[in-house]
Amino acid sequence: MTTLLYTTCLGLFCMLAEVLNLRKLLVPALIIGLSAIFVVNMQQWGITTPASIGPVSVSHMIKMDNFAIAFSGLAIIISMLIFVLSANYYKDEQNHISDYLSIMVFVLCGALVMFSYNNMAMLFLGIEILSISLYIMAGSRRFDTRSNESGMKYFLMGAFASGFLLFGIALIYGASGTFELEGIAKYVAAGSVTPMFYLGVTLLLFAMLFKVSAVPFHFWSPDVYEGAPALITAFMSTLVKIAAFAALYRLFSHCLGGTMYYVEPLLIIVTGATIMVGNVTALSQINVKRILAYSGIAHAGYMLLGVLSSQTNAASSVLFYAAAYAIATIGLFALAIMTFKSNFSENVDAFNGLAKKNPVAAALISVFMLSLAGIPPFAGFLGKYYIFSEAIRNGYVTLTLFAVINSIIAVYYYLKVIIAMYSQPANDKPLIIHPSYMVVAIICAAATIGLTVAPDMFMQILK
Amino acid sequence: MTLLLLLLPLVAALAVLLSGNKMASRVALLFTVAEFGLTVYAYTIFKQQGPEAFVFFHDWISSPKISINLGVDGLSFVMIGLTNFLLPLIVLSGFNREYSNAKTYFSLMLLMQFALIGVFMAYDGLLYYIFWELALLPIYFIALGWGGKNRVPVTLKFFIYTLAGSLLMLFGFIMLYYYNPNASFNITDLYNNPICSCNQGWLFWMFFLAFAIKIPIVPFHTWQADTYSEAPTQGTMLLSGIMLKMGTYSLIRWLLPILPAGVAEWGPLAITLSVIGIVYASIIAIMQSDLKKLFAYSSVAHVGLIAAGIFALNMEGLQGSVVQMIAHGVNVVGLFFCADIIINRTKTANISSLGGIRNVAPRFNTLFMIVVIASVALPLTNGFIGEFLLVYGVFKYNTWLAVFAGLTIILGAVYMLRMFQNTMLGNTNEQTQQFADLNWSETLVLGIIAFTIVVMGVYPKPIFELVQPSLDIILNKALAK
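So the sequences go chain by chain: A and B.
Quick note on numbering: the numbering used here labels position 25 of the first sequence as 25, and the sequence is numbered without any gaps.
Quick note on numbering: the numbering used here labels position 239 of the second sequence as 239, and the sequence is numbered without any gaps.
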């Protein structure tokens, strides 16, 4: 609970910074603040005292269990990396920087609620806080039509999904008479489940699948990713995706586990389709942001495998996968943003000959791409390995084999960028990489390798 | 000792990267020679204390249980010896050539050496898999960065093809883990916990495909010839000399003892495919006019015979396969180096436009001749012992297969000798007039290779002594259904 409170205060501080004329100090202050919040967050580890604000108990609303703390920690680290990038990214928009940053902090607030909700109402609130902030950020390039399109599309589709979500929650409430996760779990366990409840669960599932951009609810994501400012795309494809996944996972591990037999066939089909459509569609893309959007859809499919395995505590596998994915994606975006900028293009050919212009950057991008493709010795490989092995443990052998075959397809489009960097002639546009971007990329690469060297530190968290 | 053997190339790779482009080749040579010296020293220890002296165990991941479990038995030692013997030669073959960004080039070679040694040392299934995959990355970047004109599609195909096999193997390993009551990837656990023969059949394919692509066994060979001819010479040497031995080594180490019933079920098909591959590749090799492609297809034929010997499931076949792995590793590096020398000087790989090199380069002629007769398996060369044992092993398995497998020797003589005739003998033409004889580094590399060919051919006993205990264990497991 304290994590959420402090983060909200930090968001308010960002808004005030505008008034107090502290814009220059804003990013360092944010980093320090988030580090402090990270420490505070981790201190709650293992403590089971119910959440409260002063004397008022809110434990029926929010439950800071280890699951929530671990994912909150990951989300805070991701946000810190993004904020390091934002200082340079928004250097020409000093008038708006505090607005942008405060909205991004509110995205984090929404994510924190989604990690720790103990009540359907809080789930809805979390998703809305996160989404509304994102609608603004996606459209934040006011004079860029594509950014406008992106914001509008995201908003319309998101609003639609929110409707599904609310309707689902209402039906579940109507059947079970409670919003609380434990209450609903008890209702399911009691055995007299009505069709209305199932309808509610289905609608709820549709809404969540929309948020994680699973097939067939994925159409918004490539367009939104492409149009939004690159930094926001990085934010959306990491923090937001992970938040949506953690919420979905929590839904099944804490509450709807008893209905798994009912949603299982649906989830299996959606998982298979998500992996396949994401990978196959990515093959023909030439815009790097779109490639990453489709690869993000495929990765969502792999994480859905983890959700399918939620009954045997696959949380640490999902956490590991999410961390490996997020770190590689942020590192990749840090370098890609600079490449896009210097080439005025977001296509694969912007990377042509990068190995000659900046061998370090090219090597780092290769590390991230190979990690995303799931090739050892990088973290993405172990992530995939954990997810596959959990899925097999739960008996989804055929589905896992299908996922394995699909990850072969995926290699093709990740290699496309590597090939462009290493075997195409360089163009004459100079590539200048701001030191802060390089730092973020190096941290991410170190983490990508470090996670493989000592995965136990991470994997023991949620056992 | 084990760790030192494994990690020295990794340190070397970093050192080369930091040493700058001018010094890179020399630093790389220094380190590879040091590593070879270390291997020789390790051999004396191995002789005295046996495999126990090389066991290294450290916990890594607790759940699912993966440990850093390294060891060296006779079989591993022979493969590590081959790797560390060939690497200095491969590095030396890159002397006096110009490479853009040489430090990365040589550093990738050493990284490759690290991964290969890891593959041969790993006694834990998943650790083995990680090294296996790791070996793919440097060779891919070598071929992509320094390869020929057509490298982009060719290397892409190579990468995806081999990765496809590997991922199926990963799936196979995960399944093995769950069928194993001890829940581990430890090789002794995998050896001692027989899996229900109902599951061994399809598990066999998960592993066999990965190995068959790497080896390559026909019909999974289509990536190979193009990759060999597009990769830079050192890359081709690494690929053909050592990397494809990963596949045959893994057949012996991982497939036969772990899935005996699967091998019993599908082995006949595998051996038939191998023999078909021998004949098919030999015929294509006869038709080839491109020097590098000819050697590539001859390589397919030779390793096809190795695979056939392994699936014959008798001692002669296994012994022959190990000896032939070493012999072929040495010979094929020699062959590709000769091809590189010819192509580098005449700027053509077309056999029919060459000829008469003997008249202008007698030293080159002698050494090339030795390598060629070794690869057509003349007695007293290293190629003879291996091929003889292999054909004999296959003969004990099935006479008709042996007849076809034996064709490899005859057909091999046809295309190799004809190639030699067309390139080296005859009249000198304007392409070959200016052919300069070998310089010191080239003479050294080919001289060492020729020397090894003869020594191994006359006195192969140490290799047999080294691998016998390991092969006994493996054959026992493979025949126990």
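For the record, the hints were derived by calculation from the structure and aren't laboratory data.
This structure is a prediction, so every number in the text was calculated from the model and none was measured.
For each residue, glycine too, the CB sits at the ideal point set by N, CA and C.
One or more of the hints may lead you astray.
[To be verified] The calculated DSS-like cross-link candidates involving lysine-lysine, where the alpha carbons are at most 25 Å apart (straight line), are: (1) K47/B to K357/A; (2) K186/A to K91/A; (3) K347/B to K461/B; (4) K357/A to K396/B; (5) K461/B to K47/B; (6) K341/A to K356/A; (7) K91/A to K356/A; (8) K91/A to K24/A; (9) K341/A to K24/A; (10) K356/A to K396/B; (11) K396/B to K149/B; (12) K356/A to K477/B; (13) K429/A to K357/A; (14) K341/A to K429/A; (15) K461/B to K356/A.
[As the list claims (entries may be wrong)] Label-pair distances were calculated between CB atoms; the ranges are: (16) G148/B to R146/A: 56 to 62 Å; (17) G450/A to K149/B: 35 to 41 Å; (18) N350/B to G450/A: 36 to 42 Å; (19) K157/B to T2/A: 33 to 39 Å; (20) K149/B to H96/A: 47 to 53 Å; (21) S441/B to M457/A: 34 to 40 Å; (22) G148/B to N427/A: 21 to 27 Å.
[As the list claims (entries may be wrong)] Here are a few chain B residues that face chain A, going by a calculated C-beta distance under 7 Å: (23) M1; (24) L144; (25) G145; (26) G148; (27) V152; (28) L167; (29) F171; (30) I343.
Problem set entry | Enumerated hints in conflict with the structure, sorted upward | Violated hints: 1, 2, 3, 4, 7, 10, 11, 12, 15, 16, 18, 19, 21, 23, 26 and 30; rest satisfied.
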